[in-house]
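For this one, chain X is given, so just place chain R on it according to the hints.
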Amino acid sequence: MSDAAIAAPRVESQGYRFPVSETIKHAVLIIGALIVLFPFYVMISLSLKSPPEILQNIGGFFGSQETFIDDACLIVGGTEEECLKNPVVYNYTTAFEKAPLVRYMLNGVIVTASIFLIQVLIALPCAYALAKLRFWGREAVFGMVLFCLLIPVHAIALPLYVMLAKLGLTNTYAALVIPWTISVFGIFLMRQFFMTVPDDLIDAARMDGMSEYAIVWRVMLPTAIPALTAFAIFSVVAHWNDYFWPRIVITGDRTLFTPPLGLREFKGDADGDNYGPMMATAVVIVTPLVVAFLLAQRRFVEGITLTGMK
Amino acid sequence: MPYALLLPALIFLVVFTYWPMLQVSLISTTDARRYGDIGGFIGADNYVRLFADEDFRGALVNNALYAVGTVVPSIALGFWFAIMLRRSGAVTSFCRAILFFPTLMPLVAASALFIFIFLPTIGLADYYLAKIGVRSTNWLGDPSIALWSLVMLTVWKNAGYYMLFFLAGLQSLPEDAEEAALIEGANWWQRQVYVVIPMLGPTFAFVTVIALINAVIQIDHVIVMTQGGPNNATNLLLYYIFQEAHEFFDLGKATAATVVTLALLLVLSMFSLRTMEKRVHYEG
Numbered sequence: 000m001s002d003a004a005i006a007a008p009r010v011e012s013q014g015y016r017f018p019v020s021e022t023i024k025h026a027v028l029i030i031g032a033l034i035v036l037f038p039f040y041v042m043i044s045l046s047l048k049s050p051p052e053i054l055q056n057i058g059g060f061f062g063s064q065e066t067f068i069d070d071a072c073l074i075v076g077g078t079e080e081e082c083l084k085n086p087v088v089y090n091y092t093t094a095f096e097k098a099p100l101v102r103y104m105l106n107g108v109i110v111t112a113s114i115f116l117i118q119v120l121i122a123l124p125c126a127y128a129l130a131k132l133r134f135w136g137r138e139a140v141f142g143m144v145l146f147c148l149l150i151p152v153h154a155i156a157l158p159l160y161v162m163l164a165k166l167g168l169t170n171t172y173a174a175l176v177i178p179w180t181i182s183v184f185g186i187f188l189m190r191q192f193f194m195t196v197p198d199d200l201i202d203a204a205r206m207d208g209m210s211e212y213a214i215v216w217r218v219m220l221p222t223a224i225p226a227l228t229a230f231a232i233f234s235v236v237a238h239w240n241d242y243f244w245p246r247i248v249i250t251g252d253r254t255l256f257t258p259p260l261g262l263r264e265f266k267g268d269a270d271g272d273n274y275g276p277m278m279a280t281a282v283v284i285v286t287p288l289v290v291a292f293l294l295a296q297r298r299f300v301e302g303i304t305l306t307g308m309k
Numbered sequence: 000m001p002y003a004l005l006l007p008a009l010i011f012l013v014v015f016t017y018w019p020m021l022q023v024s025l026i027s028t029t030d031a032r033r034y035g036d037i038g039g040f041i042g043a044d045n046y047v048r049l050f051a052d053e054d055f056r057g058a059l060v061n062n063a064l065y066a067v068g069t070v071v072p073s074i075a076l077g078f079w080f081a082i083m084l085r086r087s088g089a090v091t092s093f094c095r096a097i098l099f100f101p102t103l104m105p106l107v108a109a110s111a112l113f114i115f116i117f118l119p120t121i122g123l124a125d126y127y128l129a130k131i132g133v134r135s136t137n138w139l140g141d142p143s144i145a146l147w148s149l150v151m152l153t154v155w156k157n158a159g160y161y162m163l164f165f166l167a168g169l170q171s172l173p174e175d176a177e178e179a180a181l182i183e184g185a186n187w188w189q190r191q192v193y194v195v196i197p198m199l200g201p202t203f204a205f206v207t208v209i210a211l212i213n214a215v216i217q218i219d220h221v222i223v224m225t226q227g228g229p230n231n232a233t234n235l236l237l238y239y240i241f242q243e244a245h246e247f248f249d250l251g252k253a254t255a256a257t258v259v260t261l262a263l264l265l266v267l268s269m270f271s272l273r274t275m276e277k278r279v280h281y282e283g
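Sequences listed follow chains X and R, in order. Counting along the first sequence from 1, when you hit position 284 you're at 283 in numbering that gives the first Met the number 0, and nothing is skipped either side. Counting along the second sequence from 1, when you hit position 254 you're at 253 in numbering that gives the first Met the number 0, and nothing is skipped either side.
Same shape as in the complex, but just chain R:
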C-alpha cells in the first residue's frame, strides 16, 4: 500500500528528472548536433571542446562571481530583516510584506524596470547619484560593472524571499537557550552571534542551497537586459547552455555544460548542507 501512494511521485520523478538527466549525460558523449539526432559515441570530446571554449570558461567565472555576489549579501540581508522583524505586530507584518514584494514581481518585469533605472545619464540611478556629485555610470554597458548591476537587481529581488525562511526558523527556535544567554549577561549582538545563528544552522544550509540554485537558474534578467554582454561579461552558465542549444545548435557542448553545471551545483549544495548542519551538533 505505501508503494501505491509513492508511485505517482516516483514515476514523475523518473520521467521528468532522472530520465532527462541520464539523457543529458548520454548525449554529452556523442556528436549529436541537434535535437533528435542519434550521434555516435565520441567519449569526452565535447568536454574537451567545452573547456577549450573561452566563452564557457568566462561563463564559469562570471557565474562564480555572480553566485558569491548574490548569495552572501541576500542571505545576510534576509537574516537581518528576519531578526529585526521577529516579533509579530502590525508594523512588523507590514514591513515583512513590503520586503517580500520584490519576490512577487516577475524577473522580466524587474529587468525592464531596472533597464530604465540603469540608463546612463538619464536613468534614475544616475539622476539621483548626480545630485550627490557622482559621475554618470554605464551600468549595463561597461564590462567591469554590468555583472554587478545584475547582482544588485538579484539581491533586491531575493533578500525578502530568504527572510521568510529565517522568520519561520526563528519562530521554531526553543527560547531557553537565548534566555540562558541573557541571564549570563550576553548582549543582543552576542546572543545573535553565539546562540541564534548557530541554532539556525539548518535554515542557513537550506537557504544557501536555494540561493545557489537561484544563482544558476535565474537568467531572465540576462536574456532581457544584457544578452550575456557586453563582451560576454554577464554570460552565465544557463544562458551559455541556452545559446549553445537553441542558437548555435551544438547539442554536445550544451549537454556537456549542463552536466558540469549540475555537478558543480550538487557538490556545492552537499558541501553547504554538510558544513552548516554540522555546526549545530557542535553548538546546539
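Chain X with its partners taken away, still in its complex shape:
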C-alpha cells in the first residue's frame, strides 16, 4: 500500500501533458463539488432567515437579521412586542422547544453507541476465526455470512417487527438496537483486515500461552483500530440517520425518538413558517456527524484501504 501511495503521484503527474483534458477534469470536479455543497448552503441559509425572507427568496445567505413578528405567538395572546423575534434565535430556539431535540440526540447517542459496541463484540471473534483459523466447515460458514450481506434488514423488517412485538419490546431502546447488532458488513470488513495481519504475531501470542479469546481482544483488536474507525463511521452514520426502522418500532413514546424522527415534528406543516426551525433542526442533527467525520477522516480512507477492499 505504501508503495502504491508513493508511486501514484509519479504516474499521475504525467497526465499534465494533456492540458485540455486536465482542465476539463478539474472543471467537472469543481462543478461537482459546488453542486454537492449547494443543498448544505441552502440548509444553513434557511436556518438563519425569517419566514418572509425564506418564502420570497431574499436576504442572501445570512438574511437581513431584522426582527419579525411571529404569528403563532400573537395567536396565543402575546403582545406585539413580545412576539418580535430575531430570525436565528427564533429558528434555533423553536428547534429545541417544539421537539425535545436534546433528548432525541441523547437517544441517538445511546442507540448508535450500543449498536456499534455490540456489533464489534459479535463480529470481531467471528472475523478472526474466518480469517485466521482452519476448521471444518469454514467455507460453509463464510458462505452463510456472505449471503447475508445481500439480505438487507430493511427488507425483512416485517417478521423482525413481529418478533419484537411478541416479546413486548416495541417502544423500547432494545427494539432500536437489537436487529442491527449483527453486522455482516462488519464481519466482512474485519475479516478482510485480519487476513493482512501476519501469522507470526498470532503464533507468538499462542507461544505466550494466550487463549484464542485473549488473542482476539488483546492482539487483534489493537491492530484493527484503523479498520474499526472506518467501520464505526459506516455504522454510526447509518444508524444515527435511519428513519425507516425507528418509525416502525417507536410508535407512541416520543421520549424514545431518534434525531431523524425529530424532523418529523415539523412534517405536515412544512410551510414557510416552519422551514427555518426545521432546517435549524437538520443543522443540529448533521453537525455531530460532520465534526466526527472531519476528525476521523484521515484514518477513515486509510482504514478501508487496509481492509484490502478492492
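In short, the hints are calculated from the structure, not lab data. Careful, some of the hints might be misleading.
Said to hold, decoys possible - Computed, partial: chain X to chain R, Cβ under 8 Å: (1) P38; (2) N56; (3) L83; (4) E211; (5) F292; (6) A295.
To be verified - FRET-style restraints, in silico, Cβ to Cβ: (7) X:E96 with R:L25: 25 to 33 Å; (8) X:E96 with R:P72: 37 to 45 Å; (9) R:Y127 with X:G136: 53 to 61 Å; (10) R:R134 with X:V289: 32 to 40 Å; (11) R:V71 with X:I43: 26 to 34 Å; (12) R:A129 with X:A71: 28 to 36 Å.
Bear in mind that the values here come from a model prediction, so they are computed numbers and not experimental data. Heads up, the beta-carbon is just placed ideally off N, CA and C, and yes, glycines get one too.
This is chain R only, laid out in the frame that chain X set:
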C-alpha cells in the same frame, strides 16, 4: 474452539436474518392478514394476487427505473471523483470531505431540504432555472418527473459514499501495470479505461451490490416527499411492502412482495459479482 468464536455471530445471523427470511417465505403461502395470525396454507395465491395488482407491477417498474437511474450515475460519479482525488494532499482531502458530506445528512433531512428546493415556481430549482429562461417545473407533482427528482436526490446523496470505496481500491492497486501502460505510450484516458477500470473489477462489483441494495432499502425520501405519488409514480417496492403490511394489513401480499424483492436483489447481486469479478481474470 473456533466454533465458540463463531457461535454468537451465527446465532444472531440465524435469529435476525435466516429465521425472519424463512418466516416471510412461509407466511407468503398462507392467508394470514395481520401480524400474529396463523393462516391456512393457500399455495401461490398471494403471488397470483400480487402480480395481478397493478400497483405492485407499477412499483416493480418504478424500482427498476429508479435502480438504473441511481446506480449507474452515482457509481460513474463516485469513480470519477476517486480518480480525480487519488493523490493525497491538502486540497484533495478537503474535496474528498466535501464530496462525502451528503452521506452524513439523514435522508429525511435531505428530503425536507429538497422539498423546498423542488417547490414549483418559488423553490430554488425553479428560481435559478428561471434566470436562464427555463419554465417552471412541477418537480414532485408531475408523474413523469417525480421519480427522476428522487433519482437526482439519491445520486447527490450516494456518489460521495461510493467514491470512498473506489479511493480505497485505487490505493491498493499495484502500480506496475499503470507504469507499463505509460511506457507503452498510453494516455491518461487509455490508462483509466484499459488498466485501472479492469483492475478495479472487484471494487465495481462490490459497489454495484451496495448501490443495488440502496436502491431497494432507501425509501425515507418516498415516505417524506411523495408518499409514493403522484399517481403511484414514485411507489417503490419497499414502500409498497410497507403500505400493504402497515396500512392495508394484507400480510400475505406484503410477504410475497418481500420474497420477490429479495429474490430479484439476490439474482442481480450475484450477476454483478460474477460478471465484474470475471473481467479481472481476463485482463488483470
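**Message:** Are any of the numbered hints broken by this structure? If so, which, sorted upward?
**Reply:** Those not satisfied are hints 3, 6 and 7.
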